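Kindly generate the complete structure, drawing on both the sequences and the hints.
If you want the building blocks of each chain, they are given just below.
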Amino acid sequence: MIYKSIRYVSLTIFALLIIIPSAIVVLGSSKTDAEVYNKPLALPESWNLNNFRFLFEVSNVGRSFMNSVIVTGFSVTITLVLASMCAFAISRMITVTGKILFSLFAVGLAIPGQVNLVPIFILFNDLQLTNKLSGIVLINVVTTLPISVFILTAFFRELPKEMYEASEVDGATPFRVYRSIALPLSRPAMGATAIFLFVITWNELLFPLLLITDNDKRTLPLTLLSFRGEFFSNYSMIFTAVLVASIPMVAMYLLMQRSFISGLTAGAVKG
Amino acid sequence: MGLPAAVLFGLFYFVPFIANLRYSLTKWDRITEPEFVGVRNFVNLLTNDDLFYKVLGNNLRFTFLVVLFQTLFSLIFALFLVKNTRANIALRTLFFFPTILSSVSVGMIWLFMYDPNFGAVNLFFTRLGLENFALNWLGSEGSALYAIAFTQVWFHTGQMMVIYIAGLQQIPQELYESAEMDGASRWQQFRNVTWPMSIPTTIVVMAYTTIQSFRAFDLIFSMTQGGPNNSTNIFAVLIYQTVFSELRIGYAATQSIFFILVLVLVTVLQRRFLSSRYEK
Amino acid sequence: MKHKNARAFKALIAAVFAISATVVPISQSFAAGESLGKKCTTEGVMTGTKSTSLICTESNGKLTWQRVKLASGNGRPVANLTPPKGEIEFWHYRVELADQRALVKIINDFEAKYPGTKIKQVVRDTTTYNNTARVAILANPKAALFATSRGAIFDQFAKSDMMLDLSNQRYVKQNVVAKGLTAGQYEGKQLGIPYQYLFNNPIVNTDIWAKEKWTTPKNLSGWVAWCKDAKAKGYVPLAWPGATRGQAAQISNSALMNSAASYDDLAKNLADLNSGKIDLTSSWFKGVADIYVKLRNAGCFPDNATGVTEAAAYNLFATGKSPILPIGTFAMGSIVGLNPKLDGKMELMSMILTDGKVVAEGIMNNTYTLSVNKNSSSRDQKIANAFLSYLLTGKVAEIYANETLQHVNVLDVEYKNVNLLNTVSFQAKNTMLAPRFLLLNAAVSDLTQDALIQIVGGKSPDDVLPDFSRQIKQKLQG
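Residue numbers (my numbering), protein chains in the order written: chain A, 1 to 271; chain B, 1 to 280; chain C, 1 to 478.
These are computed hints drawn from the structure, not numbers from a lab. Careful, some of the hints might be misleading.
[As the list claims (entries may be wrong)] With a Cα cut of at most 20 Å, we get these calculated SDA-like pairs of lysine to any residue:
{"id": "1", "chain 1": "C", "residue 1": "Lys39", "chain 2": "C", "residue 2": "Leu63"}
{"id": "2", "chain 1": "C", "residue 1": "Lys473", "chain 2": "B", "residue 2": "Ser245"}
{"id": "3", "chain 1": "C", "residue 1": "Lys105", "chain 2": "A", "residue 2": "Phe56"}
{"id": "4", "chain 1": "B", "residue 1": "Lys83", "chain 2": "B", "residue 2": "Ser178"}
{"id": "5", "chain 1": "C", "residue 1": "Lys345", "chain 2": "C", "residue 2": "Val418"}
{"id": "6", "chain 1": "B", "residue 1": "Lys83", "chain 2": "A", "residue 2": "Met1"}
{"id": "7", "chain 1": "B", "residue 1": "Lys27", "chain 2": "A", "residue 2": "Ile122"}
{"id": "8", "chain 1": "B", "residue 1": "Lys83", "chain 2": "A", "residue 2": "Ser262"}
{"id": "9", "chain 1": "C", "residue 1": "Lys189", "chain 2": "C", "residue 2": "Gln174"}
{"id": "10", "chain 1": "C", "residue 1": "Lys142", "chain 2": "A", "residue 2": "Asp216"}
{"id": "11", "chain 1": "A", "residue 1": "Lys39", "chain 2": "C", "residue 2": "Thr319"}
{"id": "12", "chain 1": "C", "residue 1": "Lys416", "chain 2": "C", "residue 2": "Cys56"}
{"id": "13", "chain 1": "A", "residue 1": "Lys4", "chain 2": "B", "residue 2": "Val43"}
{"id": "14", "chain 1": "A", "residue 1": "Lys4", "chain 2": "B", "residue 2": "Ala87"}
{"id": "15", "chain 1": "C", "residue 1": "Lys382", "chain 2": "C", "residue 2": "Asn168"}
{"id": "16", "chain 1": "A", "residue 1": "Lys99", "chain 2": "B", "residue 2": "Gly10"}
{"id": "17", "chain 1": "C", "residue 1": "Lys341", "chain 2": "A", "residue 2": "Ala34"}
{"id": "18", "chain 1": "C", "residue 1": "Lys142", "chain 2": "A", "residue 2": "Leu133"}
{"id": "19", "chain 1": "C", "residue 1": "Lys321", "chain 2": "A", "residue 2": "Tyr8"}
{"id": "20", "chain 1": "C", "residue 1": "Lys473", "chain 2": "B", "residue 2": "Val43"}
{"id": "21", "chain 1": "A", "residue 1": "Lys39", "chain 2": "B", "residue 2": "Gly129"}
{"id": "22", "chain 1": "B", "residue 1": "Lys83", "chain 2": "A", "residue 2": "Ala34"}
{"id": "23", "chain 1": "C", "residue 1": "Lys268", "chain 2": "C", "residue 2": "Asp155"}
{"id": "24", "chain 1": "B", "residue 1": "Lys83", "chain 2": "A", "residue 2": "Ile2"}
{"id": "25", "chain 1": "A", "residue 1": "Lys39", "chain 2": "B", "residue 2": "Arg86"}
{"id": "26", "chain 1": "C", "residue 1": "Lys120", "chain 2": "A", "residue 2": "Val58"}
This one's a predicted model, so the numbers in the text were calculated from it and none came from an experiment.
Below, the structure written as structure tokens:
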């Protein structure tokens, strides 16, 4: 009885804690600033898309959205290709090299790339990689490699050895084994990793903040942050922008809940 | 085949890592030439920098709070929602939802929620007649770090809960059945079956939460930027400010080195502590 | 020869202005009848802001129409230069929507006028811009025109030797308000032209002010008494955003303004604070802190003041909960956005926070300083120079001013917006260039403001000042 009521109450509280702020954002995107402030939870006086129209007219949200799509697309793909090759190599090499390679990435996992903020900033400036989407892709790949290698290595190690050995006897090169056997089998693991990478790359702030100064090259989180600029007090617009930035994630989440949840869980568990 | 990844990682992770050590021995503002100052930055940081110790304290406090509460709440919610009923699955989907948002979005939302005069949090407390709880959440040094820690927990509890659920569902049903036959209460079942069996998951959850809390830069940067009076300043924010507002590259590099040391220390201690439990 | 001509020309212009001013009422928005030297009724009212305009101001104990003292004194404004073909980048930090509307229009007009010449805006919000732009521009000669804010940022850029000296440009001498040029000078060179002419002064809601029959407090005791009265009547006296350092700091200008015997003394104190020669426990700064204590104890600041964000403060003012927004003219646009009914109901207020000698009555700031990149190719520099000269013509600056609701540092601009007209009279007042920007070291400046914010938050200066002085010292050591 007590258990049941505690369960009921705490689940309700947490559910409300998620629903209420979300509602404020969604409702706020149809409101004026004065309404947002004075009646945050009331329904808007009229449902309209004025804020959206205004947002796309005057800000660079549309451009940033495309930038985020490009950066995320390339980062995730390249990371997946490199990480899966590397993971395959590690899982097939029980030699010293494999161990060294593995521990190399283990260090990267324990000490996230963020600590390299100072030298990366200087290095990228020297290499003229600032203000380029390719620069962001590069640093994204580097920071997400360790965890991806980890997840995928764990998966490749679980694959039965016999599968590889048979084809190796046939004289296939390691690359062919990787392509024609390992890759097709690892589709679920790759999918889960992809979603995991997708979410963290889409939302990444630190390195774009460091490396992008051109407003045409901004990614969405950066643009969102800029709305909090010194003279900006427009909460209805901020909420509208939050909504625009979240819509792709939310849509994908609703469509593919299961893969999302398992992807983001795999990222944590295997890591 | 592992070569491309390894080379890339070496060039853009380990090389900068070494460069960082070199910068830490200089005084450099990126306007004039760097000046070699030996270990002066290290000495200053350790002996004459109140802010550094404050940030260290904040970081440890923030990590401790987030790890403790996020693990606790995610375990509790996992226990509540472990059965695959339709309602439970719906609630899981809802609880997991914040995880997919960007930190900046979450920061913006909670900045508004915590507004002392207009925000929903204080509105709620005053409606209930609990004016004493209507605080100046992000504006006072006493509460700002806790308010952000709460936001971080709100942000990621759902994700950790799902990990726990996966772990809990692996526990063989027979263990519960036999415990029930012994007449064990719900609490005893938890103590004797669930908790020991979920320690491996706990290790994963806590390790991941720790790293996550050290990476809370995005959230803090979009909410308070370290203020008020540095009460929410953590390492990543401090380093960013030292580089960009103060143009002290050498000093920032030194701060980074201590950031790494603290991170490694916390991780090692935590693993030790948890594995010792595990082996029992 | 050249000199003589200029003087003769000036005399001619002055004569023409005088005649036209006495004969024709210049602005349609005001009742006819105002003429130079005649009596007038409302102090501060103006007929416009061209060098031909008149302002109602006190002289010899009487209110009379006087000439607006804006003229640069270097001759008649000139037309803009013609650019070569090509494309440059224009780097700046005005992300605000109104600024973007104005700048996009101005750039489109310019590009239409000079086909083949392109100006590409690169805009970042202030915080990020200040943090990253200098390094980025140093590496990017395409960024031929860029903006800096007055103070630490301008100083950092200037030190990096990346700005072209514009001293000899005719449009600089003749199109800009002379008083407004100093903020762009560095070691005797004109490294930038401040575009905005802002007033970092409290804005007052004139409706509430009239309703409560308040008069402007004349000194610190007056302000203390006013705060108590306003608070008793249920207002938040000052909508002060303690959670947004940059805007919380605006009122410190008013506190600093009369804290020393003269501007030079104040400048010296701030320079010493900046270099570590004195700290926050000096008797001068204790005096500044004491102003904050007095205001705090009188209930001037909002409850939970340190948690009030800029947005919340704007809202307090826009909803009439607070009669004064102690930020500046640049906030008026947002206020009208929040509450259109306040359009035309806002004025600037002098905030004299001393019971002693008055050095200045108000604060102004010349910022958004535009400079030409020294490292750009000469063709790109020519484009930048031409576009800058275009921005500095009255007609173009007018677009910017009226769209963004900011006053500009350009001569012969006709302000059409009622809020600008209501506040522009401050250009004729005894104003001081915002002193807080004399703290050129960002760490010192931030910590100084944080200390004052802590005091408003309820702490005692006896604890705060030594604590923050130590932190400043640590920041200055390496």
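Notebook entry, point to check: Taking only the CA atoms, is the gap from Lys39 of chain C to Leu63 of chain C under or equal to 20 Å?
Noted result: holds (6 Å)
Notebook entry, point to check: Given the hint that Lys189 of chain C pairs with Gln174 of chain C, does the C-alpha gap stay at or below 20 Å?
Noted result: Holds - the C-alpha atoms of Gln174 of chain C and Lys189 of chain C are around 17 Å apart, at most 20 Å.
Next item on the list: Compare the distance between the alpha carbons of Lys142 of chain C and Asp216 of chain A with 20 Å, and conclude whether the hinted pair is satisfied.
Entry: holds (15 Å)
Note to self: Between the alpha carbons of Lys382 of chain C and Asn168 of chain C, is the straight-line distance 20 Å or under?
What the structure shows: With a Cα-Cα distance of about 14 Å, the restraint between Lys382 of chain C and Asn168 of chain C holds, given a limit of 20 Å.
Next item on the list: Below or equal to 20 Å on CA atoms is what counts here, so check Lys83 of chain B against Ala34 of chain A.
Entry: Cα-Cα ~45 Å, so violated.
Check: Regarding the pair Lys416 of chain C and Cys56 of chain C, is the alpha-carbon distance no greater than 20 Å?
Finding: holds (18 Å)
Notebook entry, point to check: Between Lys83 of chain B and Ser178 of chain B, does the CA-CA distance stay at or below 20 Å?
Noted result: The given pair, whose Cα atoms are some 19 Å apart, holds under the 20 Å limit.
Check: Holds or violated: Lys341 of chain C with Ala34 of chain A, Cα cutoff 20 Å?
Finding: Holds, at roughly 12 Å.
Next item on the list: Could you grab the alpha-carbon distance between Lys4 of chain A and Val43 of chain B and see if it respects the 20 Å cut-off?
Entry: violated (57 Å)
Notebook entry, point to check: Going straight from one Cα to the other, do Lys268 of chain C and Asp155 of chain C come out at no more than 20 Å?
Noted result: holds (17 Å)
Next item on the list: For the pair supplied as a hint, Lys83 of chain B and Ile2 of chain A, confirm whether the alpha-carbon distance does not exceed 20 Å.
Entry: holds (19 Å)
Margin query: For a C-alpha distance cap of 20 Å, please report whether Lys83 of chain B and Ser262 of chain A respect it.
Written below: holds (17 Å)
Checked against the numbered hints given earlier, the structure breaks hints 13, 19, 22, 25 and satisfies all the rest.
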